[in-house]
Amino acid sequence: MINIAYWLIFSSLLFAIGAYGVLTRKNAIVVLMCIEIMLNAANINLVAFSSYYTTLHPGLAADASGQVFALFSIAIAAAEVAVGLAILLEVYRRYQTIDVDKINILRW
Amino acid sequence: MTWELFVFLFLAASGLASALMVVRAREIVHSVIALATCFIAVACMFVMLSAEFLAIVQILVYVGAVVVVILFGIMLTRRGIMEGEKRTRSGVIRALAVLALALIFVGATMSIDWPEGEIDDTTNEDVGRTLFGDEDSSGYGLIVLLIGILLLVALLGGVFLAKEEEEG
Chain U
1 MINIAYWLIF
11 SSLLFAIGAY
21 GVLTRKNAIV
31 VLMCIEIMLN
41 AANINLVAFS
51 SYYTTLHPGL
61 AADASGQVFA
71 LFSIAIAAAE
81 VAVGLAILLE
91 VYRRYQTIDV
101 DKINILRW
Chain S
1 MTWELFVFLF
11 LAASGLASAL
21 MVVRAREIVH
31 SVIALATCFI
41 AVACMFVMLS
51 AEFLAIVQIL
61 VYVGAVVVVI
71 LFGIMLTRRG
81 IMEGEKRTRS
91 GVIRALAVLA
101 LALIFVGATM
111 SIDWPEGEID
121 DTTNEDVGRT
131 LFGDEDSSGY
141 GLIVLLIGIL
151 LLVALLGGVF
161 LAKEEEEG
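If you're matching them up, the sequences are chains U and S in order. Mapping the first sequence onto the numbering used here, position 71 (from 1) lands on 71, and the numbers just tick up by one. Mapping the second sequence onto the numbering used here, position 80 (from 1) lands on 80, and the numbers just tick up by one.
Wrong hints could be hidden among the right ones.
Unchecked claim - Below are the DSSO-like pairs computed for lysine-lysine, each with C-alpha atoms no more than 30 Å apart in a straight line: (1) Lys102(U) to Lys163(S); (2) Lys26(U) to Lys163(S); (3) Lys102(U) to Lys26(U).
Please keep in mind that the hints were generated in silico from the structure rather than gathered at the bench. Just so you know, these numbers come straight off a predicted model, no measurement behind them.
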């Protein structure tokens, strides 16, 4: 009997915490972890809307499309972490640091 | 205060607290443990939302694979024992910007009159039917195949990028 707004507010706060981490932390791996937090927040949002489908659309049957979308999102996030960490390993081998402030070779 | 609301508040508090610990922890391994806790809290919320298949996939993929890969990444990019300072110059403006973002989201959510109701009781058959279709609909099978190709390309690229350099 929870109103859907509770889930959406939790998802928004989790997203904001993840965004704060991406903007603040220096270690690139922690930035990747905070991106994963943001993706989880979006997944919660998707599944919440999917689970309240008959409430929000009276007269329609239950629809699991939101859960399926979240499933694809989890798969894509896992692939992104793998590629992101591979890139970070390559950067570490070359510059001996993963400090996001020091990897500024493309800056003006 | 029903049991459902109590469980939701407990899970939400632990999810938000562990996410905050990811951002603020001094040691990076503490961040990883907090991240795993956040993922498990989110998986429990999926169970509350009657998405049990998704909860199992979340634990398998996120806690079981992503956290382990991140730990390996930390191991391979260590710079001495102490990883010293943790964040850049004072992030007051960034914190205020993120706070403004959160307030906009929460305000927009609370300004809508959401209808009350029960959570749908979706089963694994519903998820399978949505994915692969039945006589009435075609399902999302093509997207599953494309996700498979995406994972193949991503993992091949990851292996190639992380390869040691050959001699000559």
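Regarding the pair Lys26(U) and Lys163(S), is the alpha-carbon distance no greater than 30 Å?
-> 25 Å, holds
Pair hint Lys102(U) and Lys26(U), alpha-carbon separation not exceeding 30 Å = Distance of about 9 Å is within 30 Å: holds.
Straight-line alpha-carbon gap Lys102(U) to Lys163(S), limit 30 Å = 24 Å, holds
Every hint, counting from the list given before, is met by this structure.
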